[in-house]
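Peer 1: Those protein sequence lines, which keep their order, are chains A and B.
So for the first sequence, our numbering puts the first residue at 13; every next one is plus one.
So for the second sequence, our numbering puts the first residue at 78; every next one is plus one.
Just so you know, these hints were derived from the structure itself, not from any lab.
Check before you lean on any hint, since a few could be wrong.
Said to hold, decoys possible - Distance ranges between label pairs, derived from CB positions:
| id | chain 1 | residue 1 | chain 2 | residue 2 | range |
| --- | --- | --- | --- | --- | --- |
| 1 | B | S146 | A | D77 | 40 to 46 Å |
| 2 | A | G28 | B | S89 | 30 to 36 Å |
| 3 | A | E75 | B | L189 | 42 to 48 Å |
| 4 | A | S66 | B | Q80 | 24 to 30 Å |
| 5 | B | S105 | A | S17 | 33 to 39 Å |
Claimed, not checked - Cut-off 20 Å, straight-line C-alpha distance, at most; resulting in silico cross-link-like pairs (PhoX-like, lysine-lysine):
| id | chain 1 | residue 1 | chain 2 | residue 2 |
| --- | --- | --- | --- | --- |
| 6 | B | K171 | B | K187 |
| 7 | B | K177 | B | K82 |
| 8 | B | K148 | B | K133 |
| 9 | B | K131 | B | K148 |
| 10 | B | K131 | A | K76 |
| 11 | B | K187 | A | K53 |
| 12 | B | K171 | B | K145 |
| 13 | A | K26 | A | K67 |
| 14 | A | K53 | B | K82 |
| 15 | B | K114 | A | K54 |
| 16 | B | K187 | B | K177 |
| 17 | B | K133 | B | K171 |
| 18 | B | K133 | A | K54 |
| 19 | A | K78 | A | K26 |
| 20 | B | K187 | B | K133 |
| 21 | B | K114 | B | K177 |
| 22 | B | K114 | A | K53 |
| 23 | A | K53 | A | K26 |
| 24 | B | K148 | B | K82 |
| 25 | A | K54 | B | K145 |
| 26 | A | K67 | B | K177 |
| 27 | B | K131 | A | K54 |
| 28 | B | K133 | B | K145 |
Ideal Cβ placement from N, Cα and C applies to all residues, glycine included.
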Amino acid sequence: GAVVSQHPSRVICKSGTSVKIECRSLDFQATTMFWYRQFPKKSLMLMATSNEGSKATYEQGVEKDKFLINHASLTLSTLTVTSAHPEDSSFYICSASSSIKDSLIYNEQFFGPGTRLTVL
Amino acid sequence: DQQVKQNSPSLSVQEGRISILNCDYTNSMFDYFLWYKKYPAEGPTFLISISSIKDKNEDGRFTVFLNKSAKHLSLHIVPSQPGDSAVYFCAASKASGTYKYIFGTGTRLKVLA
Numbered sequence: 013g014a015v016v017s018q019h020p021s022r023v024i025c026k027s028g029t030s031v032k033i034e035c036r037s038l039d040f041q042a043t044t045m046f047w048y049r050q051f052p053k054k055s056l057m058l059m060a061t062s063n064e065g066s067k068a069t070y071e072q073g074v075e076k077d078k079f080l081i082n083h084a085s086l087t088l089s090t091l092t093v094t095s096a097h098p099e100d101s102s103f104y105i106c107s108a109s110s111s112i113k114d115s116l117i118y119n120e121q122f123f124g125p126g127t128r129l130t131v132l
Numbered sequence: 078d079q080q081v082k083q084n085s086p087s088l089s090v091q092e093g094r095i096s097i098l099n100c101d102y103t104n105s106m107f108d109y110f111l112w113y114k115k116y117p118a119e120g121p122t123f124l125i126s127i128s129s130i131k132d133k134n135e136d137g138r139f140t141v142f143l144n145k146s147a148k149h150l151s152l153h154i155v156p157s158q159p160g161d162s163a164v165y166f167c168a169a170s171k172a173s174g175t176y177k178y179i180f181g182t183g184t185r186l187k188v189l190a
């Protein structure tokens, strides 16, 4: 089956620093990747949609200068939390999908294991 | 504006009995619906999906029912097992795959042995 990995799985940083989270599709080409955020005991909130080679589309209320998303290749997307503050502490999850018709996972989304960010 | 809602934050069921998890949505443009299971500090795991052209989809112990006129879907798990204990999220989309999913608020299921 399709595998999506995230790195790191867990990160603790000081307030004011920037943190980069990687999302990789290990065995397929992901034309689209999504970034979600989950607060404790809350739903998964979509932050942005990124298509390979294009600028990400951010959901209403998500600061694009705060959460920088790059999807430079078909297997890698990165989310950078810039100048992190304690309120950015959350569980960040990516998912990946392919619109390539001969892809084995055409039109399905697969989720990564998530990254726990704690900002002190 | 919560477009997808799960009104029961938690549910306890005896092992072997049926678990019924409910989900309501407001956007009539949604065309594709999914259920995910999630453990703490892990990504969601896909369980089952249904497109709006169907009203039922079954996969093993899991069955999803869709009532488009009521904008309501439900997940039935039978028989329930202790390993089913997790948080269940429904999600809705305007199409499958590369379209964004909107997740519900989640229901924590506890299956008692």
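Peer 1: Next, verify each hint and record whether it holds.
Peer 2: How the hints compare with the structure:
no. : hint                       : result
1   : B:S146 - A:D77: 40 to 46 Å : holds (43 Å)
2   : A:G28 - B:S89: 30 to 36 Å  : violated (44 Å)
3   : A:E75 - B:L189: 42 to 48 Å : holds (44 Å)
4   : A:S66 - B:Q80: 24 to 30 Å  : holds (25 Å)
5   : B:S105 - A:S17: 33 to 39 Å : holds (36 Å)
6   : B:K171 - B:K187            : violated (31 Å)
7   : B:K177 - B:K82             : holds (17 Å)
8   : B:K148 - B:K133            : holds (14 Å)
9   : B:K131 - B:K148            : holds (13 Å)
10  : B:K131 - A:K76             : violated (38 Å)
11  : B:K187 - A:K53             : holds (15 Å)
12  : B:K171 - B:K145            : holds (14 Å)
13  : A:K26 - A:K67              : violated (28 Å)
14  : A:K53 - B:K82              : holds (14 Å)
15  : B:K114 - A:K54             : holds (14 Å)
16  : B:K187 - B:K177            : violated (29 Å)
17  : B:K133 - B:K171            : holds (18 Å)
18  : B:K133 - A:K54             : violated (28 Å)
19  : A:K78 - A:K26              : holds (16 Å)
20  : B:K187 - B:K133            : violated (24 Å)
21  : B:K114 - B:K177            : holds (18 Å)
22  : B:K114 - A:K53             : holds (14 Å)
23  : A:K53 - A:K26              : violated (24 Å)
24  : B:K148 - B:K82             : holds (11 Å)
25  : A:K54 - B:K145             : violated (26 Å)
26  : A:K67 - B:K177             : holds (16 Å)
27  : B:K131 - A:K54             : violated (29 Å)
28  : B:K133 - B:K145            : holds (11 Å)
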